[in-house]
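Trainee: So you can see what is in the structure, the chains are spelled out below.
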Amino acid sequence: MVATLEQVFRDQWGRVLAALIGFLGDFDLAEEAAQEAFAIAAERWPQDGVPANPGAWLVATARNRAINRIRRDRTLAAKTRLLEVPQAAEDTMDATAFPDERLELIFTCCHPALATEAQVALTLRTLGGLTTGEIARAFLVPEPTMAQRLVRAKRKIKAARIPFRVPPEHLLPDRLDAVLAVVYLIFNQGYGGRGDLAAEALWLGRALAELLPDQPEVHGLLALMLLLDARRAARFRDGELVLLADQDHSLLDTAEIAQGREALDRALALRGRGPYVVQAAIASLHADQPRDWPQIAVLYGELSRLTGSPVVELNRAVAIAEAQGPQAGLEIVDRLSLQDYHYLHATRGELLRRLGRTQEAREAYRRALTLVHDPAERRLLQRRLAEHPPSR
Amino acid sequence: MQYVLLIYHGTSLTTPRPEEERKRIYAEWAEVNKTPGLTGGLPMGLPENATTVRVEDGKTLTTDGPFVEIKEAVGGYAVLEADDLDAAIELAARIPTARLGGAVEIRPSETYW
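Residue numbers (my numbering), protein chains in the order written: chain B, 16 to 407; chain V, 44 to 156.
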């Protein structure tokens, strides 16, 4: 029973909160009302049973609470400016359907007038239902800092009147990019080892795919996250990072790969050719054994044209090295101006090592070591150095 | 909802431009100024000619120049009545200064009393 309740809460929080914000026009008021409604549910449902439409029940209960509070406050403070609260709200509440305003909510949370870190925090808090403490821990900041971040973001939404709506057609592409970037950022925060955030991002990705079924990049992002998540178990061995080439294929989550490919197919059927779709296509090829390196290199070339990113070029170099040999890869790497990027030097080291140029390889690994932060990646570089002692 | 738009010139005024382009920019400004709900402020002179006043212990202290660095000084302002921030952003993006090396800051107006 408890597990079911938690599941219901988990599934309903975002929808219930979104509907309340849409109705009340105020994040804080909506959040308080939602919390009250969930608390009442936690008390009653175990005895009375879960209502047929738990979401509608929660929204109706929360709405009534909020309306009562507004009336009370109004009487107490005798405010001159009247809030337009529909009088009949209690009885007209349709128990079978309430508007799904999660899209409005996510576009508001990811509005470019908010700092990216605030967008991320607000999305996790409102749609994901994570507590401030949980978000703070995931991003390694003190809880008061995170609380402050959320308060400021909500205050700005209200003060600057950031609209609660799905952006009109001419703004949609840019705004959708911002939303997808936030979801992918959440995913990557989880991909570094904190699994629960990756699950959160997948959940958001699925919700977006359901809400915006015609947008190929939405399916592309979902596909990408599923295909990357499928190699979670293979990425680490005894806490040590395992390079893509050395990962144990039998550890890949085949069900998740199938889901990822399904999402990718949908994106391609919608003629998606955006950066997330292409990255998902690459991730899909990486799940095959043996890998089709020439095709992977072609897709990295496409991604490179789309993004103009030297980091993508670096990845293309790796694929070219696999397809045509380390020398061809090295030629691309040496054209890149990414001198402060540790992967550049780690890749150079790897390619030089394969070419038998051990001294130069060691220099590259050492250069990478001075730039790397992640402990697992540091240990990997140190292992490489130890495996290839300086020649005499 | 009222917004105050603060215009920062950045490098937009110091960049030399051919006569043709300057005319086009003025024409753009004229278009922007026709926007319903937009009330332009008085044209502001150069920050070099600003005088900054403080009062400490009842004594009026004046210093030459703007409160912030000359480069960072506000260069103009306008008031916009708009539905929401998105509408204000769209208008701000049409102000030529925004793409010519300057910037427009949107501040929601607030009632304090």
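Heads up, a few of these hints could be off.
Beyond 10 Å from chain V on every Cβ pair, some chain B residues (computed) [what the hints assert, rightly or not]:
1) Thr146
2) Arg176
3) Pro178
Computed spacing ranges between beta-carbons, pair by pair [to be verified]:
4) V:Pro79 / B:Leu386: 23 to 33 Å
5) V:Pro59 / B:Thr373: 34 to 44 Å
6) V:Arg65 / B:Arg86: 32 to 42 Å
7) V:Pro59 / B:Gln354: 29 to 39 Å
8) V:Thr105 / B:Asn203: 30 to 40 Å
9) B:Asp280 / V:Leu56: 26 to 36 Å
10) V:Glu71 / B:Gln304: 35 to 45 Å
11) B:Asp261 / V:Pro59: 52 to 62 Å
12) B:Ala174 / V:Trp72: 23 to 33 Å
Quick partial rundown of chain V residues pointing at chain B, CB under 10 Å, derived from the structure [as the list claims (entries may be wrong)]:
13) Lys66
14) Asp129
15) Ala131
Honestly, the hints are just simulated from the structure, not real lab data.
Even for Gly, the Cβ is constructed at its ideal location relative to N, Cα and C.
Trainee: All hints are to be evaluated individually against the structure, with a verdict given for each.
Mentor: Results of checking the hints against the structure:
1. Thr146: holds (28 Å)
2. Arg176: violated (5 Å)
3. Pro178: violated (4 Å)
4. V:Pro79 / B:Leu386: 23 to 33 Å: Once the Cβ atoms are compared, 54 Å apart, the range 23 to 33 Å for leucine 386 of chain B and proline 79 of chain V is violated.
5. V:Pro59 / B:Thr373: 34 to 44 Å: violated (56 Å)
6. V:Arg65 / B:Arg86: 32 to 42 Å: violated (59 Å)
7. V:Pro59 / B:Gln354: 29 to 39 Å: Once the Cβ atoms are compared, 35 Å apart, the range 29 to 39 Å for glutamine 354 of chain B and proline 59 of chain V holds.
8. V:Thr105 / B:Asn203: 30 to 40 Å: About 53 Å separates the Cβ atoms of threonine 105 of chain V and asparagine 203 of chain B, which means 30 to 40 Å is violated.
9. B:Asp280 / V:Leu56: 26 to 36 Å: About 54 Å separates the Cβ atoms of aspartate 280 of chain B and leucine 56 of chain V, which means 26 to 36 Å is violated.
10. V:Glu71 / B:Gln304: 35 to 45 Å: violated (59 Å)
11. B:Asp261 / V:Pro59: 52 to 62 Å: holds (59 Å)
12. B:Ala174 / V:Trp72: 23 to 33 Å: This hint holds: roughly 29 Å between Cβ atoms.
13. Lys66: Not OK, violated: lysine 66 of chain V not within 10 Å of chain B, min 28 Å.
14. Asp129: holds (5 Å)
15. Ala131: This hint holds: alanine 131 of chain V lies near chain B, its Cβ roughly 8 Å from the closest one there, short of 10 Å.
Consistency note: the structure conflicts with the earlier hints numbered 2, 3, 4, 5, 6, 8, 9, 10 and 13.
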